[in-house]
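Enquirer: So you can see what is in the structure, the chains are spelled out below.
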Amino acid sequence: MTTPLSAAEIAKAVASRKLSALEATETALARIAQHNGLLNCFTDVTADRARARARQVDADLAAGKSPGPLAGVPFAVKNLFDVKGISTRAGSKINRDLPPALRDATLIERMEAAGAVLVGALNMGEYAYDFTGENVNDGPARNPHDPTRMTGGSSGGSGSAVGGALVPLALGSDTNGSIRVPASFCGVFGLKPTYGRLSRARSFPFVPSLDHLGPFARSVRDLTLAYDVMQGPDPADAACTTRSPEIVTPLLAENIGGLRIALAGGWFAQNLFPEAVEAVAHVAKALGVKRTVEIPEAARARAAAYVITTTEGASLHLDRLRKRPNDFDPAVRDRLIAGAMVPAPMVDRAQKFRRWYRAKLLEIFKTVDLLIAPATPCVAPKIGQVNFTLEGVELPVRAHIGIHTQPISFVGLPVVAVPVPLEPMPVGVQLIAAPWREDIALRVAYALERMGAVASPPPRGI
Amino acid sequence: MSTGSIDDYITAVAKALNLTIEDAWRPAVRSNLEVSLRMARLVDEFKLPDESEPASVFSA
Numbered sequence: 010m011t012t013p014l015s016a017a018e019i020a021k022a023v024a025s026r027k028l029s030a031l032e033a034t035e036t037a038l039a040r041i042a043q044h045n046g047l048l049n050c051f052t053d054v055t056a057d058r059a060r061a062r063a064r065q066v067d068a069d070l071a072a073g074k075s076p077g078p079l080a081g082v083p084f085a086v087k088n089l090f091d092v093k094g095i096s097t098r099a100g101s102k103i104n105r106d107l108p109p110a111l112r113d114a115t116l117i118e119r120m121e122a123a124g125a126v127l128v129g130a131l132n133m134g135e136y137a138y139d140f141t142g143e144n145v146n147d148g149p150a151r152n153p154h155d156p157t158r159m160t161g162g163s164s165g166g167s168g169s170a171v172g173g174a175l176v177p178l179a180l181g182s183d184t185n186g187s188i189r190v191p192a193s194f195c196g197v198f199g200l201k202p203t204y205g206r207l208s209r210a211r212s213f214p215f216v217p218s219l220d221h222l223g224p225f226a227r228s229v230r231d232l233t234l235a236y237d238v239m240q241g242p243d244p245a246d247a248a249c250t251t252r253s254p255e256i257v258t259p260l261l262a263e264n265i266g267g268l269r270i271a272l273a274g275g276w277f278a279q280n281l282f283p284e285a286v287e288a289v290a291h292v293a294k295a296l297g298v299k300r301t302v303e304i305p306e307a308a309r310a311r312a313a314a315y316v317i318t319t320t321e322g323a324s325l326h327l328d329r330l331r332k333r334p335n336d337f338d339p340a341v342r343d344r345l346i347a348g349a350m351v352p353a354p355m356v357d358r359a360q361k362f363r364r365w366y367r368a369k370l371l372e373i374f375k376t377v378d379l380l381i382a383p384a385t386p387c388v389a390p391k392i393g394q395v396n397f398t399l400e401g402v403e404l405p406v407r408a409h410i411g412i413h414t415q416p417i418s419f420v421g422l423p424v425v426a427v428p429v430p431l432e433p434m435p436v437g438v439q440l441i442a443a444p445w446r447e448d449i450a451l452r453v454a455y456a457l458e459r460m461g462a463v464a465s466p467p468p469r470g471i
Numbered sequence: 016m017s018t019g020s021i022d023d024y025i026t027a028v029a030k031a032l033n034l035t036i037e038d039a040w041r042p043a044v045r046s047n048l049e050v051s052l053r054m055a056r057l058v059d060e061f062k063l064p065d066e067s068e069p070a071s072v073f074s075a
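For the record, the sequence lines run as chains A and B. Letter by letter, the first sequence follows residues 10 to 471 in my numbering. Letter by letter, the second sequence follows residues 16 to 75 in my numbering.
No false leads were slipped in.
Simulated coverage check for chain B against chain A, where a stretch passes if three residues somewhere in it have a Cβ under 8 Å from a Cβ of chain A:
| id | segment |
| --- | --- |
| 1 | 20-34 |
| 2 | 38-44 |
| 3 | 57-69 |
Stretch by stretch, here's where chain B covers chain A in the computed footprint (C-beta under 8 Å, at least three residues):
| id | segment |
| --- | --- |
| 4 | 328-336 |
| 5 | 341-352 |
| 6 | 363-377 |
These are computed hints drawn from the structure, not numbers from a lab. All residues carry an ideal CB built from backbone N, CA and C; glycine is no exception.
Input sequences plus hints: build the corresponding full structure.
Expert: In structure tokens:
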């Protein structure tokens with residue numbers, strides 16, 4: 010296939026009037042129409058809205074207004090973002106009964122203010138409590154490199170839509186790994202920013218203590234362009250930073266030679282299939298990294314993230330569990346009911362441990378600028394796969410996909426998931442920086458991309 | 016906790032929370048709760064000073 014244009018290429022062509030925003034939008038809509046039957050990544054295609062928005066972008070340019078950095082760039086959002094006029098389903102059956110959203114999510118407004126064009130909403134695991142990308146209500150999103158395999162989740166449609174090059178940019182959410190896991194399985198770049206960096210206003214929550222939103226893209230430049238335009242305070246999200254935007258795009262090509270980079274050892278070097286080991290070694294070799302740093306108590310951090318997730322999630326859904334238990338995906342319902350039964354002191358202790366663990370990681374970041382760790386223990390499993398055998402032990406797939414992402418998002422560190430284009434399936438690696446240093450993770454990702462060590466492969470399965 | 020006592024616990028907490036658990040769901044709820052409690056115990060075993068603050072600190 011001819012590789013579709015990147016977001017940066019579209020914006021440049023639209024700004025110079027070589028391509029209209031409407032043409033760029035029609036190209037995305039045509040690719041969605043062609044491939045969504047197989048990939049099942051879109052649950053809503055907002056074609057009329059997209060065409061109207063694209064015409065407005067073109068009219069503004071014709072009137073001499075300056076184009077935004079994402080002029081005419083089509084994008085889509087996980088269906089937990091409010092899209093004006095659509096009920097925010099968050100992957101569920103129950104939420105379809107909600108009234109249509111009255112206003113777009115803050116991040117959609119910021120993307121469109123930069124000239125981007127929303128073309129639809131994307132499939133996801135029910136209520137984001139998922140690492141697979143499967144959904145009992147909408148069917149599974151499918152992996153663009155092998156449609157018999159999982160996309161990863163819960164932002165499965167986001168990974169699939171970008172990996173399949175249906176759109177150059179998508180937005181998703183990450184509570185325990187839900188951006189980094191599908192980025193890994195679908196062979197794309199994903200950014201989970203620092204907790205609080207990007208506004209979550211008017212998105213459906215899961216675990217407010219741990220919820221993040223962020224972008225997916227097929228290049229680091231596109232990822233960074235989207236990240237930059239979405240930054241900034243937002244009083245509508247209680248956790249959102251008051252820091253001014255810290256723009257990264259102009260810094261991407263800065264030399265990374267002086268950065269102190271290390272491999273995350275211990276927990277992050279265990280429970281890995283050979284492909285994940287190879288991917289981490291490949292990135293470390295490209296960067297000339299030999300140093301390994303132990304992260305203390307990572308297993309306990311994962312456990313604490315699990316406890317906070319299941320209990321806050323249960324609290325969020327308690328009324329729905331009482332009134333409409335049969336309308337949940339049974340697997341999600343039974344996990345949430347169990348979460349409601351965890352004794353409260355355990356949750357308080359998990360939140361206290363979180364502060365302790367944060368201090369330990371901040372100590373590590375006094376001597377390290379970036380940590381390298383696997384994004385997933387494996388390449389994408391088959392859709393419906395229940396178990397895998399790891400180091401001789403049979404383990405449940407669902408519970409183990411996020412074991413290397415959970416201890417990182419637990420304390421809100423910024424991470425770029427970079428794709429290593431192994432054959433036949435890609436797999437991702439996490440580049441982890443100190444809080445508020447997305448710039449470092451993005452610069453290293455950009456350097457790796459420029460040296461050819463990481464790349465988003467063309468979709469192999471469509 | 017034995018299977019019998021965890022079932023008793025599930026019944027009691029479901030009643031306190033006004034949650035209905037159909038018999039068909041009970042094995043999955045039990046199995047999930049066993050995992051959640053195993054994770055919680057791992058956190059519980061970690062000794063922290065009395066002065067420890069939770070991650071979220073209220074500001075007036």
